[in-house]
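J.: One letter stands for each residue in the lines below.
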Amino acid sequence: AQSVTQLDSQVPVFEEAPVELRCNYSSSVSVYLFWYVQYPNQGLQLLLKYLSGSTLVESINGFEAEFNKSQTSFHLRKPSVHISDTAEYFCAVSSGGGADGLTFGKGTHLIIQP
Amino acid sequence: NAGVMQNPRHLVRRRGQEARLRCSPMKGHSHVYWYRQLPEEGLKFMVYLQKENIIDESGMPKERFSAEFPKEGPSILRIQQVVRGDSAAYFCASSPRGHEQYFGPGTRLTVT
Chain A
1 AQSVTQLDSQ VPVFEEAPVE LRCNYSSSVS VYLFWYVQYP NQGLQLLLKY
51 LSGSTLVESI NGFEAEFNKS QTSFHLRKPS VHISDTAEYF CAVSSGGGAD
101 GLTFGKGTHL IIQP
Chain B
1 NAGVMQNPRH LVRRRGQEAR LRCSPMKGHS HVYWYRQLPE EGLKFMVYLQ
51 KENIIDESGM PKERFSAEFP KEGPSILRIQ QVVRGDSAAY FCASSPRGHE
101 QYFGPGTRLT VT
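Chains as they are written, first to last, in my numbering: chain A, 1 to 114; chain B, 1 to 112.
So here's chain A without its partners, still in its complex pose (with noise of 0.2 angstroms):
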């Protein structure tokens, strides 16, 4: 069985500070890794993603996570935040080749403070 822990379920930071958004996952096989983001009323958006490969992975606005297989983890972590930034942001674990269903965590609320 695998597992998603965001540890924070909610973080606020003011508008252009950085922020990390913390991921871990437990899991006895390998893994494929996902961030998604959730605004108000909304579906969920891919923000990005882990397949293989380099452990760096970035989003066109700004995003990026690393995926560190010795530390169980997946950090996302932005340098400097916009209001806009405001919102729900899962991460999600799936395995077995990466067809099934995906394990989610409980979810971070992202409060971009003026």
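Please keep in mind that the hints were generated in silico from the structure rather than gathered at the bench.
Quick reminder that beta carbons are idealized off the backbone N, C-alpha and C, glycines included.
Be careful, since some hints might not be right.
Claimed, not checked - Heads up, simulated DMTMM-like pairs for lysine to aspartate or glutamate below, C-alpha to C-alpha not over 20 angstroms straight-line:
| id | chain 1 | residue 1 | chain 2 | residue 2 |
| --- | --- | --- | --- | --- |
| 1 | B | K27 | B | E52 |
| 2 | A | K106 | B | E100 |
| 3 | A | K106 | B | E52 |
| 4 | B | K44 | B | E100 |
Claimed, not checked - Just the calculated beta-carbon pair ranges, DEER-fashion:
| id | chain 1 | residue 1 | chain 2 | residue 2 | range |
| --- | --- | --- | --- | --- | --- |
| 5 | A | P114 | B | N53 | 49 to 59 angstroms |
| 6 | B | M26 | A | T72 | 23 to 33 angstroms |
| 7 | B | S30 | A | L51 | 17 to 27 angstroms |
| 8 | B | S87 | A | H109 | 14 to 24 angstroms |
Using the hints, position chain B against chain A.
T.: Showing chain B alone in chain A's frame:
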């Protein structure tokens, strides 16, 4: 390329009625997944389907819930005899070959 479509977006049912939620995957996607999001919780996997086949239904409640993905038409999540505890947001996701999944906007079910 249109995204994953779900309808209705909002659905209100009285206790004991049936709820039917529809999901049209992205063009070219043959894998469909259903998830449920309860208040203050993350998303929970329910079922994974490919055309005409249920691949994994380990997250589906044993009773009242069923899902299908016919050869033609959308995937359907069906909840019979709804109860208040079924009130949640139900999301569908599709994938071209497994790996990354693309989510629809969700159906918010309210049971009164």
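J.: Confirm or reject each hint.
T.: Verification of the hints:
1. K27/B <-> E52/B: At roughly 17 angstroms apart (the allowed maximum being 20 angstroms), E52/B and K27/B satisfy the hint.
2. K106/A <-> E100/B: Given pair K106/A, E100/B holds - Cα atoms ~19 angstroms apart, limit 20 angstroms.
3. K106/A <-> E52/B: violated, 32 angstroms
4. K44/B <-> E100/B: Between K44/B and E100/B the Cα gap is close to 16 angstroms, so the pair holds against 20 angstroms.
5. P114/A <-> N53/B: 49 to 59 angstroms: Taking Cβ atoms as reference, P114/A and N53/B lie about 51 angstroms apart, which means the hint holds.
6. M26/B <-> T72/A: 23 to 33 angstroms: Given a distance of about 31 angstroms, which is inside 23 to 33 angstroms, the answer is holds.
7. S30/B <-> L51/A: 17 to 27 angstroms: With a Cβ separation near 19 angstroms, S30/B and L51/A satisfy 17 to 27 angstroms, so the hint holds.
8. S87/B <-> H109/A: 14 to 24 angstroms: With Cβ atoms ~21 angstroms apart, the hint holds.
Checked against the numbered hints given earlier, this structure breaks only hint 3.
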